[in-house]
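Peer 1: Residue-level listing of the chains:
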Amino acid sequence: NAGVTQTPKFQVLKTGQSMTLQCAQDMNHEYMSWYRQDPGMGLRLIHYSVGAGITDQGEVPNGYNVSRSTTEDFPLRLLSAAPSQTSVYFCASSYSLQASNTIYFGEGSWLTVV
Amino acid sequence: GENVEQHPSTLSVQEGDSAVIKCTYSDSASNYFPWYKQELGKGPQLIIDIRSNVGEKKDQRIAVTLNKTAKHFSLHITETQPEDSAVYFCAAERGADGLTFGKGTHLIIQP
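Going down the list, the protein sequences come from chains A and B.
For the first sequence, position 28 matches number 28 in our numbering, and the numbering has no gaps at all.
For the second sequence, position 64 matches number 64 in our numbering, and the numbering has no gaps at all.
Some hints could be false.
[Unchecked claim] Where chain B lies over chain A, by a calculated footprint (3+ residues, C-beta under 8 Å): (1) 37 to 49; (2) 105 to 112.
[Said to hold, decoys possible] BS3-like, lysine-lysine: derived pairs with alpha carbons at most 30 Å apart: (3) 103/B - 58/B; (4) 9/A - 42/B; (5) 22/B - 37/B; (6) 9/A - 103/B; (7) 71/B - 57/B; (8) 103/B - 14/A; (9) 68/B - 103/B; (10) 71/B - 58/B; (11) 9/A - 37/B; (12) 42/B - 103/B; (13) 42/B - 14/A; (14) 57/B - 42/B; (15) 22/B - 71/B; (16) 42/B - 58/B; (17) 57/B - 68/B.
Calculated directly from the structure, the hints in this document are not laboratory data.
Don't be surprised by glycine CBs; every beta carbon is placed ideally from N, CA and C.
Extracted from the complex, chain A is given alone in its bound form (with noise of 0.2 Å):
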C-alpha cells in the first residue's frame, strides 16, 4: 500500500515555466487536496476535491489549476510559474471531507522558480 504519492520530489523552474505535480492515492479516497507551506506560514489549502469530476478553491488558489478525472489522480498545474511559487507542495487524501476522518499527506515535491 504506496498511499500518497506525489512526484517530482524536487524541481527547478524559469520564470514563466508550467508544470505539472502529480499526486496519486491508492487508498480509494474521495477527499483529496494540495496545500503549499511556506516558513511561518504553516500549511496553506490551494485547491481541493471531493471526487472525481469536482474541485473547489481553498484558501491561496491563484496562479494554480487541479482537475480529478479519476478517483486516484489529482494533477496541479501551475500554468505560467513565479517566483513567489517557490515552496514545498503536499498532497493529501482523506476518506471523505468530514471531521475526523484521518488525512493522509505525501512526501512533498520542493518547486524552486528562479
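Start from chain A and add chain B according to the hints.
Peer 2: Leaving out everything else, chain B in the frame of chain A:
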C-alpha cells in the same frame, strides 16, 4: 472562516522533560482537532486527535486536551526523547470546510 493560532513557534526542552504546545481557534462550530508531526524532509503525519465531545485523550506519552469554552486545545508530550524533535502542527475542522492549520511549532529536544 476559521483562524488557528499556535504557540510557541519554537520550543526547546531537555530530554526527559515535558513539552506543551498550545493552540486557539476562532470558530465555535469547529468540532475536530488533530495534531500532526512533521519530520525533516517528510510530510505531516497524524499523531493524535480529539473531537469536540471529549475533553482529554491520551496515547502513551502524548495527550491532547480541549477546552471548548475557551476555544483552545493543547498537546502534551511527557518524557521527551530525541525522536520527538520535529515540527508539530495543530489544526481545526468544522466539517465541509476542511482543516485549518496553525503555523507550526519547532520542538527541539536537548540531550
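Peer 1: Taking the numbered hints from earlier one at a time, note which ones the structure violates and give those numbers from smallest to largest.
Peer 2: none
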